[in-house]
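K.L.:
Okay, so the sequence shown: first residue is 955 according to our numbering, each after it adds one.
To be clear, the hints were calculated from the coordinates, so they are not data collected in a lab. Do not take every clue at face value.
With a straight-line Cα cutoff of 27 Å, these simulated DSS-like cross-link-like pairs (lysine-lysine) come out [what the hints assert, rightly or not]:
1. Lys987 to Lys1168
2. Lys1168 to Lys1178
3. Lys987 to Lys1178
What follows is a list of derived Cβ distance ranges for each label pair [said to hold, decoys possible]:
4. Asn971 to Glu1119: 47 to 53 Å
5. Ser1096 to Glu967: 24 to 30 Å
6. Gly1189 to Gly1147: 30 to 36 Å
7. Ser1232 to Glu1175: 35 to 41 Å
Don't be surprised by glycine CBs; every beta carbon is placed ideally from N, CA and C.
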Amino acid sequence: MASPLVTTDWLQENLDNERLVLIDASMATVIGKEPIVYDHPVWIPGSYQIDLEGTLCDTGSSQLHAFPTEEQFTQEVRRLGITPNSLVVLYDNQGIYSAPRAWWILRSMGLEQVFVLDGGLPQWLAEGRDTVSAPVREAASSGSMVGNLDPGRVRDSAYVLQHLEDEQVAVIDARSRARFLAQAPEPRPGVRGGHIPNSLNLPFTEVLEGYRFKPASELAETFKNLAPNLRPGNGHQLVFSCGSGVTACIILLAAEVAGYDQLSLYDGSWADWGRDESLPVA
């Protein structure tokens, strides 16, 4: 499949695919949008569940949401029965929110066949499809996937600082325009207002339509208007940032849908940059 997204129709037709590993990557905390609240949690049949703030987060790091270590990642995906041949589909209960973060972790750790369900659980429910009241707890057999982090997919503040004036590198911030311009307070204490100098602002809500991503052609136009000098396939690097590395992955995924390929995540994002008084702020 060429797209990193799959539709609800595709998933319905493939629920019995023996290669499929379906994962709910929902997060308890939702920032930047009005959260969808459920009276009773439900899951798509056959779903496993992962914890992006626990088992897939390096809690020993000073960052709020830090990429897991290779050892953490390997242990978790083996628990889920994932092999290099698995077909992994991720979704969350907000439509498009935290599943792109899980997608980028799996991709960055070396898994190629990993996709996001466009529209997630809300789209699935809106179409009247079946649900279950509990996720699958553990795979019948252990997986064989081994995490091998590609360092080019995950950046730190030193890399961003080094490339602030580099015309071949663009930093794109997924926070709201008010937070980007320091016109609204940051939700985390001790974090300055403002943005990384020379960075561009693309609030993650602007790449979504309802529960789903906008069509690829519209996303391509959005990125073209945002950065006219940056074109897919020309070697330019797009580095994505947000508050703590979660919603940045939404616009990163949107960029891939739009045809861009040299993509990376500033994992610490503004929670890291804005707290470090030695780093410049615009």
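K.L.:
Each of the hints needs a verdict: does it hold here or not?
P.N.:
Verification of the supplied hints:
1. Lys987 to Lys1168: Holds - the C-alpha atoms of lysine 1168 and lysine 987 are around 17 Å apart, at most 27 Å.
2. Lys1168 to Lys1178: 15 Å, holds
3. Lys987 to Lys1178: Satisfied, since the Cα-Cα distance of roughly 25 Å is no more than 27 Å.
4. Asn971 to Glu1119: 47 to 53 Å: Holds, at about 48 Å.
5. Ser1096 to Glu967: 24 to 30 Å: At 28 Å between Cβs, range holds.
6. Gly1189 to Gly1147: 30 to 36 Å: With a Cβ separation near 33 Å, glycine 1189 and glycine 1147 satisfy 30 to 36 Å, so the hint holds.
7. Ser1232 to Glu1175: 35 to 41 Å: 38 Å, holds
Of the numbered hints listed earlier, not one is contradicted by the structure.
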